[in-house]
Amino acid sequence: MTTAGGGTAAGARIRPIVLSHAADLFADRGPAATSLRDIAARSGVNAGLIFRHIGNKDALVSAVLDYLADDLASARDADAPRAVVEARAERSWKVIARALLDGFDLGRLQHRFPNVEQLVAAAGGGDPHAARLATADALALHLGWRLFGPFLKAATGLSDDDPRPFTDIADALAALLGGGDTTR
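Numbering (the working numbering) for the sequence shown: 98 to 281.
Hints listed in this document are in silico derivations from the structure and should not be mistaken for laboratory results.
The model shown is predicted, which means the values in this text are computed figures rather than measured ones.
Note that the Cβ used here is the ideal one computed from N, Cα and C, for glycine as well.
Hints are not guaranteed to be accurate.
To be verified - So the derived label-pair ranges between C-beta atoms look like this:
| id | residue 1 | residue 2 | range |
| --- | --- | --- | --- |
| 1 | 199 | 223 | 34 to 44 Å |
| 2 | 110 | 205 | 21 to 31 Å |
| 3 | 129 | 226 | 27 to 37 Å |
| 4 | 175 | 132 | 29 to 39 Å |
| 5 | 105 | 253 | 48 to 58 Å |
| 6 | 110 | 226 | 36 to 46 Å |
| 7 | 260 | 143 | 41 to 51 Å |
Said to hold, decoys possible - Think about it this way: if two alpha-carbon atoms lie no more than 25 Å apart in a straight line, the pair counts; the simulated SDA-like pairs of lysine to any residue are:
| id | residue 1 | residue 2 |
| --- | --- | --- |
| 8 | 191 | 121 |
| 9 | 191 | 233 |
| 10 | 250 | 197 |
| 11 | 154 | 211 |
| 12 | 191 | 248 |
| 13 | 250 | 183 |
| 14 | 154 | 205 |
| 15 | 154 | 121 |
| 16 | 250 | 238 |
| 17 | 154 | 186 |
| 18 | 191 | 258 |
| 19 | 191 | 126 |
| 20 | 250 | 195 |
| 21 | 154 | 142 |
| 22 | 191 | 243 |
| 23 | 191 | 253 |
| 24 | 250 | 194 |
| 25 | 191 | 206 |
| 26 | 191 | 211 |
| 27 | 154 | 209 |
| 28 | 154 | 114 |
| 29 | 154 | 193 |
| 30 | 191 | 230 |
| 31 | 154 | 200 |
Just need the whole structure built from these sequences, with the hints factored in.
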């Protein structure tokens with residue numbers, strides 16, 4: 098049976114399971130070190146089904162990136178508890194970082210950026226380019242702390258008790274736009 102999106106009913110059933118497990122594996126070890134067989138074993142499906150319903154490794158990485166973006170946006174839109182949103186954001190950032198380090202072209206592979214679009218809209222103002230630039234700067238600051246926080250603290254002599262400058266990307270964006278508390 099074919100679904101409205103052109104896939105099969107079986108594909109619609111296994112796709113979210115496979116994408117969730119693939120995301121976990123990609124976050125742990127990166128896409129390059131994760132085989133379709135690894136994902137199939139974790140998901141409890143045949144590797145051939147992954148190839149049939151999702152495609153090759155690039156298609157799988159692409160699907161995982163879009164899945165993670167949509168999953169995070171859904172949690173934020175549903176006002177999920179902060180811990181849930183943070184866990185989903187952390188998994189997403191790890192997959193993005195590992196995929197980039199593995200040499201995947203994320204600009205080509207990821208098709209939807211709902212969370213970034215929300216941040217650009219929040220930056221607003223009368224200059225769309227300035228809003229995009231401020232959002233990119235805030236994301237770079239936030240990702241830098243998420244990925245390199247332990248190194249940054251050690252290199253600068255900060256203790257683990259010292260808070261990060263920003264615990265939320267929206268706070269970083271507000272500070273870059275001139276209206277945020279930088280001591281959070």
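So, going through the hints one by one against the coordinates:
1. 199 - 223: 34 to 44 Å: This hint holds: roughly 39 Å between Cβ atoms.
2. 110 - 205: 21 to 31 Å: With Cβ atoms ~28 Å apart, the hint holds.
3. 129 - 226: 27 to 37 Å: Taking Cβ atoms as reference, residue 129 and residue 226 lie about 35 Å apart, which means the hint holds.
4. 175 - 132: 29 to 39 Å: 34 Å, holds
5. 105 - 253: 48 to 58 Å: 54 Å, holds
6. 110 - 226: 36 to 46 Å: 43 Å, holds
7. 260 - 143: 41 to 51 Å: 47 Å Cβ-Cβ, so the 41 to 51 Å window holds.
8. 191 - 121: Satisfied, since the Cα-Cα distance of roughly 9 Å is no more than 25 Å.
9. 191 - 233: 18 Å, holds
10. 250 - 197: It holds: about 24 Å lies between the C-alpha atoms, which stays within 25 Å.
11. 154 - 211: Roughly 23 Å between the alpha carbons, so the hint for residue 154 and residue 211 holds.
12. 191 - 248: OK: residue 191 and residue 248 at ~16 Å, within 25 Å.
13. 250 - 183: Holds - the C-alpha atoms of residue 183 and residue 250 are around 21 Å apart, at most 25 Å.
14. 154 - 205: Roughly 14 Å separates the two Cα atoms, so the pair holds.
15. 154 - 121: 15 Å, holds
16. 250 - 238: This hinted pair holds, its Cα atoms lying about 14 Å apart.
17. 154 - 186: 23 Å, holds
18. 191 - 258: 23 Å, holds
19. 191 - 126: 9 Å, holds
20. 250 - 195: Holds, at roughly 22 Å.
21. 154 - 142: This hinted pair holds, its Cα atoms lying about 16 Å apart.
22. 191 - 243: This hinted pair holds, its Cα atoms lying about 9 Å apart.
23. 191 - 253: 23 Å, holds
24. 250 - 194: With a Cα-Cα distance of about 20 Å, the restraint between residue 250 and residue 194 holds, given a limit of 25 Å.
25. 191 - 206: Holds. Residue 191 to residue 206 sits at ~16 Å (cutoff 25 Å).
26. 191 - 211: 18 Å, holds
27. 154 - 209: OK: residue 154 and residue 209 at ~18 Å, within 25 Å.
28. 154 - 114: 16 Å, holds
29. 154 - 193: The hint holds at about 15 Å.
30. 191 - 230: Holds: residue 191 and residue 230 sit about 23 Å apart, inside 25 Å.
31. 154 - 200: 13 Å, holds
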